[in-house]
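A.B. asks: Chain order of the listed sequences is A and B.
Following the working numbering, the numbering of the first sequence begins with 1 at its first residue and continues without gaps.
Following the working numbering, the numbering of the second sequence begins with 1 at its first residue and continues without gaps.
Since the hints were derived computationally from the structure, they do not count as laboratory data.
Glycine included, every Cβ here is placed at the ideal spot set by N, Cα and C.
Where hints are given, some of them may not hold.
[What the hints assert, rightly or not] These stretches of chain B come out as covered by chain A in the derived footprint (C-beta under 8 angstroms, 3 or more residues):
(1) 36-43
(2) 56-63
(3) 114-123
(4) 174-185
(5) 220-227
(6) 273-279
[Stated by the list, open to error] 30 angstroms max Cα-Cα, derived DSS-like pairs, lysine-lysine:
(7) A:K180 with A:K82
(8) A:K82 with B:K82
(9) A:K216 with B:K82
[To be verified] Some, not all, of what chain A presents toward chain B, calculated at C-beta under 8 angstroms:
(10) A59
(11) N85
(12) A93
(13) R125
(14) L142
(15) T305
There are 2 protein chains.
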Amino acid sequence: MKKYSVILLVFLTFFGSFCSAQTAQATIIEDFKPSTVNQPGQQYPQVNSQGYARFKISAPEAKSVVVSLGLGGAKGGTVLTKAENGNWTGTTAGPMDEGFHYYHATVDGGVFNDPGALNFYGSTRWESGIEISAHDQDFYALKNVPHGHVQQILFPSKSTNTSRRAYVYTPPSYSREQSKRFPVLYLQHGWGEDETAWSNQGRVNLIMDNLIAEGKIKPFLIVMTYGMTNEIKWGGMASFKIEPFQTVLVDELIPYVDANFRTLANQPNRAMAGLSMGGMETHTITLNKPDVFSQYALLSGGIYTPEEIKDRSKVKLIFISCGSRENPDRVQTAIKGLKEAGFNAVSYVSDQTGHEFQTWRRSIKELAPLLFKD
Amino acid sequence: MKKYSVILLVFLTFFGSFCSAQTAQATIIEDFKPSTVNQPGQQYPQVNSQGYARFKISAPEAKSVVVSLGLGGAKGGTVLTKAENGNWTGTTAGPMDEGFHYYHATVDGGVFNDPGALNFYGSTRWESGIEISAHDQDFYALKNVPHGHVQQILFPSKSTNTSRRAYVYTPPSYSREQSKRFPVLYLQHGWGEDETAWSNQGRVNLIMDNLIAEGKIKPFLIVMTYGMTNEIKWGGMASFKIEPFQTVLVDELIPYVDANFRTLANQPNRAMAGLSMGGMETHTITLNKPDVFSQYALLSGGIYTPEEIKDRSKVKLIFISCGSRENPDRVQTAIKGLKEAGFNAVSYVSDQTGHEFQTWRRSIKELAPLLFKD
Chain A
1 MKKYSVILLV FLTFFGSFCS AQTAQATIIE DFKPSTVNQP GQQYPQVNSQ
51 GYARFKISAP EAKSVVVSLG LGGAKGGTVL TKAENGNWTG TTAGPMDEGF
101 HYYHATVDGG VFNDPGALNF YGSTRWESGI EISAHDQDFY ALKNVPHGHV
151 QQILFPSKST NTSRRAYVYT PPSYSREQSK RFPVLYLQHG WGEDETAWSN
201 QGRVNLIMDN LIAEGKIKPF LIVMTYGMTN EIKWGGMASF KIEPFQTVLV
251 DELIPYVDAN FRTLANQPNR AMAGLSMGGM ETHTITLNKP DVFSQYALLS
301 GGIYTPEEIK DRSKVKLIFI SCGSRENPDR VQTAIKGLKE AGFNAVSYVS
351 DQTGHEFQTW RRSIKELAPL LFKD
Chain B
1 MKKYSVILLV FLTFFGSFCS AQTAQATIIE DFKPSTVNQP GQQYPQVNSQ
51 GYARFKISAP EAKSVVVSLG LGGAKGGTVL TKAENGNWTG TTAGPMDEGF
101 HYYHATVDGG VFNDPGALNF YGSTRWESGI EISAHDQDFY ALKNVPHGHV
151 QQILFPSKST NTSRRAYVYT PPSYSREQSK RFPVLYLQHG WGEDETAWSN
201 QGRVNLIMDN LIAEGKIKPF LIVMTYGMTN EIKWGGMASF KIEPFQTVLV
251 DELIPYVDAN FRTLANQPNR AMAGLSMGGM ETHTITLNKP DVFSQYALLS
301 GGIYTPEEIK DRSKVKLIFI SCGSRENPDR VQTAIKGLKE AGFNAVSYVS
351 DQTGHEFQTW RRSIKELAPL LFKD
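Turn these sequences into a full structure, and let the hints steer you where they fit.
C.D. replies: Following this line, the structure appears as structure tokens:
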């Protein structure tokens, strides 16, 4: 119980830096372009080269429209003002951090999504999303390279008495080399998200396609499923029990994947990673099941200590990362301790990002080349 | 051009019956339950056993909230009334047709989605969706049977200079019988929808899984891609050109599918079907490419006449369907003419439904057993 309370505290600390941004700049450059995750044909929201976001929402009879994105995080946001044509517009008070952000609009006290933006599952609801152009966005761009597939599977789960959904990324060579078998990374989303997060807002399939095209990694499968088998509310994390999800993952999903995909179905070829709450799940399940996974990664989701690991010979890699706006010292101290204890341990800190998907996109890019090395 | 104008007229006639419903009943039975396509944990919208829909949307400071669903179609809708707690509630004036409906909420003159409902791509935007319980909903229910996978693919398209997205349904046996090859149905969405429509609102993967589990059909693959390569607006259909999409489908997608999936890559094992605008595309492309497809299906999407078909020996099946609230006489007259001319032609009319997905779900259920017969 104590362990979870500590982790909960870490989460809250992380969220304190949610949507933090640089000091407001005086001059806004008027080179705004539609966000790359707008709905088809929609001109707003827009983003400029400095990272400012601009919104335009039509609600001619409304009294107030406030967008949750802006300086000051979720509690602040950007208050829009109404033009004569009924459109409410506004620009963030400063540049936002690079990468993907969730947001919503509060219209006359009701919470709605921005009709211009695509929706992404976060905070246990489908939220509007926006992309702030990043200096390194090339690594998750859709390029003219061979693309892997993202398969929606429905696997039988006796323990929860239903068919559960997961997504499986198969690399480009999977469908062409019909006799080859592949290692598998099990990759978990964060609190309030679901199994769609890593491919939708995480763009993990494109990150993999690009790394494979550049010859930087050995191709592997990625399996993503829903990790919130408990009803988890904020503050209720202390009562979170890992067993229901561990059963789904280890006793139901893994056997299904090994039966239906050409996997290398053994511990040396199986890794687990997760972001935020998914890191907590990864931490607990890998320690509980040392014969199932050999490589562990926590992305803004806590740390390992050498004392926790019973049989050190079974751990091939420990990767721990976070954003520079989170708690990088804690990550780096933990890795130092693990290295001193003889583990193959690697840390990564994403520059100028917080508890958001840009940190996790970059983390996966750093992690992937380290996995499944012979 | 004339042909397209006629089809446009048919579409408009269809849309006149959009959301039509039975005569309003005096007594509303208070057995409302959350719609099955609500966002996780959301209690509203709700549906009762008679097919009434009830909405609850929070917007404490709003002046008016109107939901587009209700008697009288898109122009009418259901006007919600505000309670003291800031929730706007209302019930449709009568029962809705069985099955899936798109809708949105107009809040103080702005168009938003209902925060309680999942979103589905239709009318060129992500709209709220609701399921009215149907007497025959068992055929598209998620059951404890083996499930096929739905794969997102990104295939290279030289003609449009991008990677284009499609979804491929593979039956349960596809991943288990690694040497078997399968026939393929190319299946198109309607105007304003996209490649997500058939598996999201159409539930075509579950319809297939259930038919296969019951031994009613020979398993086959279904490929669904985006058919609106032109910018198509209402009224602009007359200027629609089929060539750009035909090139994507026939010269780019089919070769990719045949190279990356274990298909039976020949005309006898390839079918094309489409709903509404997708029917128009199916009609034109099958007639242009008689050596590519052998089985044709139009779902609320026009008809074939015997005179249009040049080489009758190449056509193994023509299937034409619509809802009873559309123009069933036209469909049945067309099938009569095709049969008299010696074609293997089958009609289907969905009882008490209009130009909506319940018609198309039922149509696919009727079509699937007729396809790829030896």
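A.B. asks: Work down the list of hints and note, for each, if the structure agrees.
C.D. replies: Hints, one by one, checked against the model:
no., hint, in the structure
1, 36-43, "holds (count 3)"
2, 56-63, "holds (count 7)"
3, 114-123, "holds (count 3)"
4, 174-185, "holds (count 3)"
5, 220-227, "violated (count 0)"
6, 273-279, "violated (count 0)"
7, A:K180 with A:K82, "violated (59 angstroms)"
8, A:K82 with B:K82, "holds (24 angstroms)"
9, A:K216 with B:K82, "violated (58 angstroms)"
10, A59, "holds (3 angstroms)"
11, N85, "violated (11 angstroms)"
12, A93, "violated (24 angstroms)"
13, R125, "holds (6 angstroms)"
14, L142, "holds (6 angstroms)"
15, T305, "violated (35 angstroms)"
In summary, the numbered hints that this structure violates are 5, 6, 7, 9, 11, 12 and 15.
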